[in-house]
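Each protein sequence line maps, in turn, to chains L and R. So in full-length UniProt numbering, spot 115 of the first sequence is number 115, and the numbers just go up one at a time. So in full-length UniProt numbering, spot 177 of the second sequence is number 177, and the numbers just go up one at a time.
Hints were generated in silico from the structure; no laboratory data involved. For glycine and all other residues, C-beta sits at the position ideal for the given N, C-alpha and C. Check before you lean on any hint, since a few could be wrong.
To be verified - Straight-line C-alpha distance at most 25 angstroms; calculated SDA-like pairs for lysine to any residue:
no.: 1; chain 1: L; residue 1: K115; chain 2: R; residue 2: A62
no.: 2; chain 1: L; residue 1: K181; chain 2: R; residue 2: E128
no.: 3; chain 1: R; residue 1: K219; chain 2: L; residue 2: N271
no.: 4; chain 1: L; residue 1: K269; chain 2: R; residue 2: P46
no.: 5; chain 1: R; residue 1: K58; chain 2: L; residue 2: A261
no.: 6; chain 1: L; residue 1: K181; chain 2: R; residue 2: F76
no.: 7; chain 1: L; residue 1: K181; chain 2: R; residue 2: H305
no.: 8; chain 1: L; residue 1: K269; chain 2: R; residue 2: V147
no.: 9; chain 1: L; residue 1: K269; chain 2: R; residue 2: L110
no.: 10; chain 1: R; residue 1: K316; chain 2: R; residue 2: E200
no.: 11; chain 1: L; residue 1: K269; chain 2: R; residue 2: L96
no.: 12; chain 1: R; residue 1: K58; chain 2: L; residue 2: K181
no.: 13; chain 1: L; residue 1: K269; chain 2: R; residue 2: K316
no.: 14; chain 1: L; residue 1: K115; chain 2: R; residue 2: T297
no.: 15; chain 1: L; residue 1: K181; chain 2: R; residue 2: D90
no.: 16; chain 1: L; residue 1: K226; chain 2: R; residue 2: D90
no.: 17; chain 1: L; residue 1: K269; chain 2: R; residue 2: E128
no.: 18; chain 1: L; residue 1: K181; chain 2: R; residue 2: C304
no.: 19; chain 1: L; residue 1: K269; chain 2: R; residue 2: C304
no.: 20; chain 1: L; residue 1: K114; chain 2: R; residue 2: G226
no.: 21; chain 1: R; residue 1: K323; chain 2: R; residue 2: E128
no.: 22; chain 1: R; residue 1: K121; chain 2: L; residue 2: I259
no.: 23; chain 1: L; residue 1: K181; chain 2: R; residue 2: H296
As the list claims (entries may be wrong) - Covered stretches of chain R, going by a simulated chain L footprint (3 or more residues, C-beta under 8 angstroms):
no.: 24; segment: 85-95
no.: 25; segment: 153-166
no.: 26; segment: 207-213
no.: 27; segment: 226-233
no.: 28; segment: 323-337
As the list claims (entries may be wrong) - Looking from chain R toward chain L, a few residues come up when the C-beta cut is under 7 angstroms (computed):
no.: 29; residue: I48
no.: 30; residue: V142
no.: 31; residue: R143
no.: 32; residue: H298
no.: 33; residue: E312
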Amino acid sequence: MTTIKKTRAHRPSKTGRRHPLASVALIAIGLLFTGGAYAAFSTSTAVATTDASSQQTIAEGEKLFAANCATCHGLSAQGSTEGPSLIGVGAASVDFQVGTGRMPMQMQGPQAQKKPVQFTSEQIAALAAYVASLAPGPAIPAAELLDAAAGDAANGAELFRINCAMCHNVAGAGGALTEGKFAPAIENVSAQHIYEAMITGPQNMPVFNDMNITPEDKRDIITYLKYVEDNPSPGGLALGSLGPVAEGLFIWIFGLGAIVALTVWITAKSN
Amino acid sequence: MVKDDNGAEDVTAADSPGDSLAPIAASTAVVTRDSLVNPGFPPHRPRITDLDHKEERKAERAVYTLFYVSIVGSVFAIAAYMAFPIVPEDPGSVRLNNLFIGLGLSLALLAIGIGAVHWGKALMSDHEGVDERHPVRGTEPVRARAVEIFQQANEESGFGRRTLIRNSLIGALVVFPLPAVVLFRGLGPMDQNPVDLLNETMWKKGVRLTMDPSGTPIKASDVTLGSSFHVIPEGLSEMEHGRLEEKAKAAVLLIRMDPADLVESEERKTWSYQGIVAYSKICTHVGCPVALYEQHTHHLLCPCHQSQFDVENHCKVIFGPAKRALPQLPIAVDAEGYLIAQSDFTEPVGPSFWERA
Chain L
1 MTTIKKTRAH RPSKTGRRHP LASVALIAIG LLFTGGAYAA FSTSTAVATT
51 DASSQQTIAE GEKLFAANCA TCHGLSAQGS TEGPSLIGVG AASVDFQVGT
101 GRMPMQMQGP QAQKKPVQFT SEQIAALAAY VASLAPGPAI PAAELLDAAA
151 GDAANGAELF RINCAMCHNV AGAGGALTEG KFAPAIENVS AQHIYEAMIT
201 GPQNMPVFND MNITPEDKRD IITYLKYVED NPSPGGLALG SLGPVAEGLF
251 IWIFGLGAIV ALTVWITAKS N
Chain R
1 MVKDDNGAED VTAADSPGDS LAPIAASTAV VTRDSLVNPG FPPHRPRITD
51 LDHKEERKAE RAVYTLFYVS IVGSVFAIAA YMAFPIVPED PGSVRLNNLF
101 IGLGLSLALL AIGIGAVHWG KALMSDHEGV DERHPVRGTE PVRARAVEIF
151 QQANEESGFG RRTLIRNSLI GALVVFPLPA VVLFRGLGPM DQNPVDLLNE
201 TMWKKGVRLT MDPSGTPIKA SDVTLGSSFH VIPEGLSEME HGRLEEKAKA
251 AVLLIRMDPA DLVESEERKT WSYQGIVAYS KICTHVGCPV ALYEQHTHHL
301 LCPCHQSQFD VENHCKVIFG PAKRALPQLP IAVDAEGYLI AQSDFTEPVG
351 PSFWERA
């Protein structure tokens with residue numbers, strides 16, 4: 001601070017106004033630090049509690065389940081005619097379905113749609129802990145498996161092309177399936193949800209267990225998807241990355257339209 | 001003469017219709033009298049640039065401005081080439097480079113074209129004129145002269161007289177394309193019957209099912225319920241030559257479902273293993289990879305033409321243009337628990353071909 005003051009002192013006309021601004025900045029920085037430290041502290045404690053899956057969290061999750069999920073999935077998650085059994089689906093499945101807003105489902109249909117998330121992260125963690133306590137199942141992946149910076153995008157791209165691209169499109173733009181079902185676009189989906197989708201196989205997606213695609217390979221796939229998301233398409237305007245349909249429509253309308261307009265102009269008589 | 005609503009007389013092509021009608025009618029069944037009448041040119045309408053000197057100056061300015069714009073575009077393209085170089089490993093730089101060079105070049109060409117058309121339309125003389133088409137047939141003297149030239153050439157070269165030279169030349173020209181036939185034949189399969197090649201794949205008894213692309217063998221216990229594995233035969237991933245050709249025939253999709261959901265015919269009861277089934281991934285319609293597997297409905301969708309196959313019922317076609325079910329690969333488990341093929345496919349994979357049994 002003293003050095004700043006010294007440099008500022010060379011411009012005497014402004015020192016008088018700078019002093020209150022500096023104090024405001026100081027207060028803001030102080031607030032940010034305390035807020036950030038508090039946030040870091042509180043999330044670390046939240047993780048600690050869910051990791052332990054304490055009886056209290058499970059009890060909390062059971063209450064939430066009974067109030068929000070049991071209508072379709074049954075009071076003890078055994079399933080009903082309206083919804084499947086959740087015994088053995090694991091915490092990862094709950095975190096994906098509830099964390100992306102697909103559950104609770106708005107209405108019965110070809111498949112559950114993504115929508116605004118209905119629960120806080122603590123409530124989702126509690127629900128996940130409750131469902132995980134019923135029977136063993138896929139757990140929420142560890143953070144080091146979700147680090148896109150550590151993966152190999154080229155390997156991920158090859159695996160994505162072999163295992164995923166036929167439904168989700170080679171650029172992850174999604175695509176149609178049968179009878180109203182579809183493979184959603186994978187843009188702006190968190191690494192955790194991508195990983196959980198692979199190990200749990202939500203909706204009609206097949207399961208890709210760790211023997212099929214190893215955890216490191218799954219991380220590489222996430223790296224590839226994040227690479228596609230972060231890097232601009234070298235071909236220019238991607239038009240939704242949908243391929244020949246979108247690109248053909250564009251050139252038929254705008255390319256041919258321009259040629260037709262030019263031809264009309266050339267052959268029209270001048271005024 | 002016909003009178004129209006305005007009372008004006010229409011000018012017909014034949015000036016005396018009444019006289020010419022009778023002799024034609026004697027030899028022709030139908031006489032068409034509704035042939036199009038040449039309307040001639042509409043009255044000449046002077047353009048605004050012909051009438052107003054100011055407008056003419058304005059049009060002239062527009063034309064030379066467009067040509068100057070073209071110069072600017074060309075210079076801009078050169079400047080863009082230098083200012084936005086392609087940086088290796090940076091796709092974004094390729095995009096900028098292409099975008100700005102393309103903008104400069106299209107501006108340069110478009111401005112020349114638009115300027116030239118505008119020049120022609122607004123400033124150049126716009127009187128209408130007719131160019132009569134010349135008859136295709138030449139005049140008699142020209143035709144006679146042409147025949148004379150050919151005869152003279154024949155006489156001087158001796159083409160008609162020296163028959164040995166002529167015939168050997170024709171022979172040489174006939175033989176000349178033969179090397180091309182031989183060379184192009186070399187592009188096709190040699191010493192192999194294409195039908196046999198299409199009938200057989202790499203699968204045979206005891207070949208392990210391995211993962212695409214790593215070639216890791218798959219244990220039956222690895223294939224959990226709802227899983228789908230993309231499978232290639234053992235040894236394919238290490239192949240040096242013809243790997244893609246073999247993969248295009250041998251690619252397989254491995255699926256595990258609840259054995260209670262499987263409806264199997266008597267002779268194929270032994271082809272699956274505890275709900276694990278393996279089917280060719282090559283569509284029987286035109287050969288696209290069919291791999292859009294829906295875990296709950298057990299339907300396989302081909303992305304190219306929307307053929308659907310029901311995995312529960314031996315991949316029978318339930319929708320779309322495909323005519324045959326996907327061929328099933330009979331599988332078993334070896335002593336170490338790995339999945340192996342019982343044999344090759346029992347029918348040819350992929351789209352139908354003529355000699356297919």
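Each hint tested on the structure:
1. About 55 angstroms separates the Cα atoms of L:K115 and R:A62, which puts this hinted pair outside 25 angstroms; it is violated.
2. With a CA separation close to 63 angstroms, the supplied pair L:K181 and R:E128 exceeds the 25 angstroms bound.
3. Straight-line distance between C-alpha atoms of R:K219 and L:N271 comes to about 81 angstroms, which puts the hinted pair past the 25 angstroms bound.
4. For the hint linking L:K269 to R:P46, the alpha-carbon distance of about 11 angstroms falls within 25 angstroms, and the restraint holds.
5. The suggested pairing of R:K58 with L:A261 holds, with an alpha-carbon distance near 23 angstroms, which does not exceed 25 angstroms.
6. Straight-line distance between C-alpha atoms of L:K181 and R:F76 comes to about 50 angstroms, which puts the hinted pair past the 25 angstroms bound.
7. For a cut-off of 25 angstroms, the pair hint linking L:K181 to R:H305 stands: about 17 angstroms separates their Cα positions.
8. At roughly 48 angstroms between alpha-carbon atoms, L:K269 and R:V147 are farther apart than 25 angstroms, so this suggested pair is violated.
9. In summary, the hint linking L:K269 to R:L110 is supported, as the alpha carbons are separated by about 20 angstroms, within the 25 angstroms threshold.
10. About 22 angstroms separates the Cα atoms of R:K316 and R:E200, which keeps this hinted pair within 25 angstroms; it holds.
11. Distance check on the hinted pair: L:K269 and R:L96 sit about 40 angstroms apart at the alpha-carbon level, beyond 25 angstroms; violated.
12. For the proposed pair R:K58 and L:K181, the alpha carbon gap of about 61 angstroms is over 25 angstroms, so the pair is violated.
13. With a C-alpha separation of about 63 angstroms, the suggested pairing of L:K269 with R:K316 is violated against the 25 angstroms cut-off.
14. The straight-line distance between the Cα atoms of L:K115 and R:T297 is roughly 24 angstroms, inside the 25 angstroms bound, and the hint therefore holds.
15. For the suggested pair L:K181 and R:D90, the alpha carbons sit about 37 angstroms apart, so the restraint of at most 25 angstroms is broken.
16. A threshold of 25 angstroms between alpha carbons decides the hint, and for L:K226 with R:D90 the separation of about 16 angstroms falls inside it, so the pair holds.
17. Straight-line distance between C-alpha atoms of L:K269 and R:E128 comes to about 12 angstroms, which keeps the hinted pair within the 25 angstroms bound.
18. Simply put, L:K181 and R:C304 have alpha-carbon atoms about 17 angstroms apart, close enough for the 25 angstroms limit, and the pair holds.
19. Taking the CA atoms of L:K269 and R:C304, the gap is about 48 angstroms. The hint is violated against a cut of 25 angstroms.
20. A threshold of 25 angstroms between alpha carbons decides the hint, and for L:K114 with R:G226 the separation of about 22 angstroms falls inside it, so the pair holds.
21. Under the criterion of a C-alpha separation no larger than 25 angstroms, the hint pairing R:K323 with R:E128 is inconsistent with the structure, at around 63 angstroms.
22. For the proposed pair R:K121 and L:I259, the alpha carbon gap of about 18 angstroms is at most 25 angstroms, so the pair holds.
23. With a C-alpha separation of about 11 angstroms, the suggested pairing of L:K181 with R:H296 holds against the 25 angstroms cut-off.
24. Figure legend: the segment 85-95 of chain R, annotated as covered by chain L; annotation consistent (4 residues with Cβ-Cβ distances under 8 angstroms, at least 3 required).
25. Coverage of the segment 153-166 of chain R by chain L is violated in this model, with 0 residues showing a Cβ closer than 8 angstroms to a Cβ of that chain against a need of three.
26. Taking a C-beta to C-beta cut-off of 8 angstroms, the segment 207-213 of chain R contributes 3 residues in contact with chain L, enough for the three needed, and the coverage statement holds.
27. Note: the segment 226-233 of chain R has 5 residues with beta-carbon separation from chain L under 8 angstroms; the three-residue rule is met and the coverage holds.
28. Counting residues of the segment 323-337 of chain R whose beta carbon lies closer than 8 angstroms to any beta carbon of chain L gives 0, which falls short of the minimum of three for the stated coverage.
29. Because the beta carbon of R:I48 sits about 5 angstroms from the nearest beta carbon in chain L, less than 7 angstroms, this interface hint is met.
30. Among the interface hints, the one on R:V142 is violated; its C-beta lies about 37 angstroms from the nearest C-beta in chain L, farther than the 7 angstroms criterion.
31. Checking R:R143 against chain L: minimum C-beta separation of about 39 angstroms lies over 7 angstroms; hint violated.
32. Checking R:H298 against chain L by beta carbon gives a least distance of about 10 angstroms; that is not within 7 angstroms, so the hint is violated.
33. Taking 7 angstroms as the C-beta contact cut-off toward chain L, the hint placing R:E312 at the interface is violated, the least distance being around 14 angstroms.
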